[in-house]
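Asks: One-letter residues, chain by chain:
2 protein chains.
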Amino acid sequence: MPVTITALEDIPFVKPGDDVAALLIAALERAELAPRPFDVVVVAQKIVSKSQGRFVDLASLTPSEEAIELAEVTGKDPRLVEAILREATEVVRAKRGLIIVETRDGLVMANAGIDQSNLSAADHGRRVLLLPEDAQASADELKARLDAHFDGAIGVIVSDSVGRAFRLGTVGLAIGAAGVPSLWDRRGEADLSGRRLEATDVGFADAVAAAAVLVMGEAAEGRPAALVRGLDWKAPPRPASALVRPKSEDMFR
Amino acid sequence: MPVTITALEDIPFVKPGDDVAALLIAALERAELAPRPFDVVVVAQKIVSKSQGRFVDLASLTPSEEAIELAEVTGKDPRLVEAILREATEVVRAKRGLIIVETRDGLVMANAGIDQSNLSAADHGRRVLLLPEDAQASADELKARLDAHFDGAIGVIVSDSVGRAFRLGTVGLAIGAAGVPSLWDRRGEADLSGRRLEATDVGFADAVAAAAVLVMGEAAEGRPAALVRGLDWKAPPRPASALVRPKSEDMFR
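Order-wise, the sequence lines are chains A and B.
Under our numbering, the residues of the first sequence are numbered 10 to 262, in order.
Under our numbering, the residues of the second sequence are numbered 10 to 262, in order.
So that you can see chain A by itself, here it is in the shape it has in the complex (with noise of 0.2 Å):
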């Protein structure tokens, strides 16, 4: 059987209070697609974020000293680098043109994730979409959610796209996960040979979440969610934060 990644369209554009859950589950029901057990739906974090209000006004933020000097080295407004510190538990690298942060859930990329595109054009330059406020936690609260109304076992990731170390280009990336194996430890399975892989842990919500965010395109409004199904796994779900490699065990860091 395929593995099929269905894009759920015509999902309205969020506002803050808008129940996600209940706008997911009009799209499915829409597309006839009744998600079953080992089904994954992938939404994109900008539309929990946006049902969380997770707007910040640039001029309501004082920058602090060091946002102040952040924002000379990298040329960007000091208000938005503000916005980035207060998300930020950690400055990683920072040049002209780019801050790269560890957030609050580990996730180390730029700007804190926070996002300026796909906000009305009377919003730009004004005010900036941060993170949702704790991704892990809506996506178990979508997967209660789905699972109460198809009565199933459904997967749920929240996807962001991210740039990159070492690669151009950004990808799909899952900042948050229920009912799924983020890190598939896979040692211990035989290869062809019989011998047991050594070192096989799979980025399963990563790779997911980048094959959604394929289908679920860049201007993610109208499309901000897709369905994948035909996966299967044998492992027990892990959160997303299974995904972030401890800084102590990070080369790069």
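Check each hint, because a few of them may be wrong.
Same chains, same names: a pair is fine if it fits in one copy or spans any two.
Claimed, not checked - Straight-line alpha carbon distances no greater than 30 Å define the calculated BS3-like cross-link-like pairs of lysine-lysine that follow: (1) K85 x K24; (2) K104 x K256; (3) K85 x K256; (4) K85 x K104; (5) K256 x K243.
Please keep in mind that the hints were generated in silico from the structure rather than gathered at the bench.
The hints should help you fit chain B onto chain A, whose structure is shown.
Replies: Positioned in the frame of chain A, the structure of chain B alone reads:
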């Protein structure tokens, strides 16, 4: 239309000199999946490499002084380290149990992508398998053969499963890519608010490889290839080298 990812089944164990294009054509025909435009065939580097006879007998290698030193630091077999160094242009990081190098293709990866799984039990510790000689050339050649046979314009990606900075778990990566926009520059497209996207270079071929590797499995024999159908792109083809972040622009080098 959903994107579908179909593993190509029953591809025989590949030996040096085997014709990978013929094996793929046979597998596609068995599955009644004659490729069409915008279809992408993803092939595990391992079978390309085996067809090229990229095995190295460790006993045939005399470790250099550098290899011996690096073997001490990392605890690895000095002959394996010698094999890694011969594939590398630079040692990027090394610590106990781990050597990360840059390959001739600009890939930053552990052990220069040298693989010891899926070799026969007798081979273990005796010989290793290098990456394909030139994965991009292999992708180009496979595409030419598939295009000629199916009278189409088919994309081909040569994939590998690799570890990453900041994240645990391997994901598929495109180390060769023909007929697809490996890096898809979407800047200039408008987002939903009508604002032009500012910074959206998509790592398209990497995401397709990540998706395909999900169905190919880690023990990449028997199912060492997949057909991805239903993608769409509006960008000229670019080789896998377009995904390599130039060292001078990489803050983690």
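Asks: Indicate, hint by hint, whether the structure satisfies it.
Replies: Consistency of the hints with the structure:
1. When the C-alpha separation of K85 and K24 is checked against a cutoff of 30 Å, the pair qualifies only within one copy, where the shortest distance is 27 Å, while the shortest distance between copies is 55 Å.
2. Proximity of K104 to K256 under the C-alpha cut-off of 30 Å is found in both arrangements, the shortest distances being 21 Å within a copy and 15 Å between copies.
3. Both within a single protomer and between protomers do K85 and K256 lie at most 30 Å apart by alpha-carbon distance, with minima of 27 Å and 23 Å respectively.
4. Proximity of K85 and K104 under a CA criterion of 30 Å is satisfied intra-copy only: 10 Å inside one chain copy versus 36 Å between copies.
5. Proximity of K256 and K243 under a CA criterion of 30 Å is satisfied intra-copy only: 28 Å inside one chain copy versus 39 Å between copies.
Hint violations for this structure: none, all hints satisfied.
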